[in-house]
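Chemist: Between the sequences and the hints, there should be enough to build the whole structure, so can you do that?
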Amino acid sequence: MRDSNSRFDEVSRTSNNSDRIKLVVFDMDSTLIDAETIDELAHAAGVGDKVALITERAMHGEMDYSDALLERVRLLRGLPLDKAHDALDKMPFMPGAKELVNYLKSRGYKTAMISGGFTIAAERVGEALGIDHVVSNELLIDDGRLTGEVRGPLTGQSSKEHVLEIISRKYGIEPDECIVVGDGANDICIFKRARYAIAFNSKPILREHADIVITEKNLEAVIPVIQLLDPEKGQVSCIRDA
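Those letters in the sequence shown? Residues 1489 to 1730, by the numbering used here.
Source of the hints: derived by calculation from the structure; they are not laboratory data.
Glycine residues also receive a C-beta, built at the ideal position from the N, C-alpha and C atoms.
The hints are all genuine.
Per label pair, the in silico range of CB-to-CB distance: (1) Glu1665 / Leu1628: 34 to 44 Å; (2) Asp1631 / Gln1715: 44 to 54 Å; (3) Ser1646 / Leu1541: 20 to 30 Å; (4) Pro1641 / Arg1612: 15 to 25 Å; (5) Pro1712 / Asp1552: 30 to 40 Å; (6) Asp1570 / Pro1712: 38 to 48 Å; (7) Gly1596 / Glu1559: 39 to 49 Å.
Computed cross-link-like contacts, EDC-like style, restricted to lysine to aspartate or glutamate with a CA-CA straight-line distance of at most 20 Å: (8) Lys1705 / Asp1522; (9) Lys1680 / Glu1649; (10) Lys1598 / Asp1664.
Modeler: The structure is reproduced here in structure tokens:
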């Protein structure tokens, strides 16, 4: 049931068990930042239209994630590292990102960012926001230029699920003790594992797997949802759109 005046799907309270929620996990691109890292690099390399088309297909689930990643990165071959940094330094945070992470930290939650993006952006974003755990891929560099190759733990189709399991074990919890927030098809695997899945300004394919859908492009809209998960306010269950 969707209230057109509400930021998220209607929620109702049930018995209190929300102290189980200990970790909130975010995607980076178009979630914590208002940009797609690879698209920004592509514009800097002069292949923006080609890469954007592949990105769109992948985010809508029309193309295998791993194939899309490798194909897009190949198009970046030869981009000077300094131009890459210049492009990425201009990427804005998503409105409300800092406020949301600060709120979570004030409530004692651990935070993680699992991104199929790249360390040259993810490390800066994670540090600026104070994210506890950041996992992303690495673009290979030779003689100050991108080689068109990538390596890392998030190059496979469902690799986010494996990384979620690793981070959860690090904190002594299970994936179903987590909340995840994301926007694209490559988040489906972790949406299925988490206790609560929040689709933020997302592609239609991801909404089918979400417990909560937020259409407002401001991460502060997540805070009321988290508040409903606080022990003193009861656990939340979500009624999906029919």
